[in-house]
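Peer 1: So the chains spell out like this:
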Amino acid sequence: DQQVKQNSPSLSVQEGRISILNCDYTNSMFDYFLWYKKYPAEGPTFLISISSIKDKNEDGRFTVFLNKSAKHLSLHIVPSQPGDSAVYFCAGNNDYKLSFGAGTTVTVRA
Amino acid sequence: NAGVTQTPKFRVLKTGQSMTLLCAQDMNHEYMYWYRQDPGMGLRLIHYSVGEGTTAKGEVPDGYNVSRLKKQNFLLGLESAAPSQTSVYFCASRRGTGYNEQFFGPGTRLTVL
Chain A
913 DQQVKQNSPS LSVQEGRISI LNCDYTNSMF DYFLWYKKYP AEGPTFLISI
963 SSIKDKNEDG RFTVFLNKSA KHLSLHIVPS QPGDSAVYFC AGNNDYKLSF
1013 GAGTTVTVRA
Chain B
5 NAGVTQTPKF RVLKTGQSMT LLCAQDMNHE YMYWYRQDPG MGLRLIHYSV
55 GEGTTAKGEV PDGYNVSRLK KQNFLLGLES AAPSQTSVYF CASRRGTGYN
105 EQFFGPGTRL TVL
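Chains as they are written, first to last, in the numbering used here: chain A, 913 to 1022; chain B, 5 to 117.
Do not rely on the hints blindly, as some may be mistaken.
[What the hints assert, rightly or not] Ranges between beta-carbon positions, derived for each pair:
#1 B:Asp-42 <-> A:Gly-928: 30 to 36 angstroms
#2 A:Ser-964 <-> B:Pro-12: 35 to 41 angstroms
#3 B:Lys-75 <-> A:Ala-982: 36 to 42 angstroms
Note that these hints are calculated values from the structure, not bench results. C-beta atoms are modelled at their ideal positions from N, C-alpha and C, and glycine is treated no differently.
Isolated chain A, as found in the complex (with noise of 0.2 angstroms):
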């Protein structure tokens, strides 16, 4: 049973607007929610994260929005730039085990 959700495989964005992805989640014990962002042939890295007590959290282009009555969060980048295509992970952090999403193929269109 998947307890995150990522419903659009893919995205595609014109460079200097603004990026949201979004994901879903069930697990109400999730305590922490991470993004992470992945090129190909490489290793997910870390992007951003929020504590489930928070509802923002900002770090440069990158804000993570949490709804906790929704069970839902999101991605905004803003400015989104060319370096910014690639693949994003929603996950959710329960003890120390993360549950991640599908994932989100975001391409930045020059």
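Could you slot chain B onto chain A? The hints should help.
Peer 2: Only chain B this time, still in chain A's reference frame:
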């Protein structure tokens, strides 16, 4: 400081063969993990370890075994490889309790014919 390294990077096996994947980390992290990534399914946890000498099953442990004899190393074994184990395998480590970020290795692409 190499972070998390994985050996080998690529491997092709025949059905029924065995092999061991090696993960090493030089960050003195307590926790280590093995994941597999398949198209459309994200990363799924195979086994994990919360300290030297300990291991536990994850979401998809069948067909795999692990060992953590030294804190810096986490080995993943396939005793009798099957085509369903064709995947990309990632190792990760985490500092310990109170730290949520996992650091990933570059991956091992395994094909079982």
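Peer 1: Against each hint, give a clear statement of whether it holds in the structure.
Peer 2: So, going through the hints one by one against the coordinates:
In this structure the supplied range 30 to 36 angstroms holds for Asp-42 (chain B) paired with Gly-928 (chain A), their Cβ-Cβ distance being about 34 angstroms. Checked against the hint of 35 to 41 angstroms, the pair Ser-964 (chain A) and Pro-12 (chain B) passes, with Cβ atoms roughly 38 angstroms apart. Against the hinted window of 36 to 42 angstroms, the Cβ-Cβ separation of Lys-75 (chain B) and Ala-982 (chain A) comes to about 41 angstroms, which satisfies the hint.
Hint check: no violations occur; every hint is consistent with the structure.
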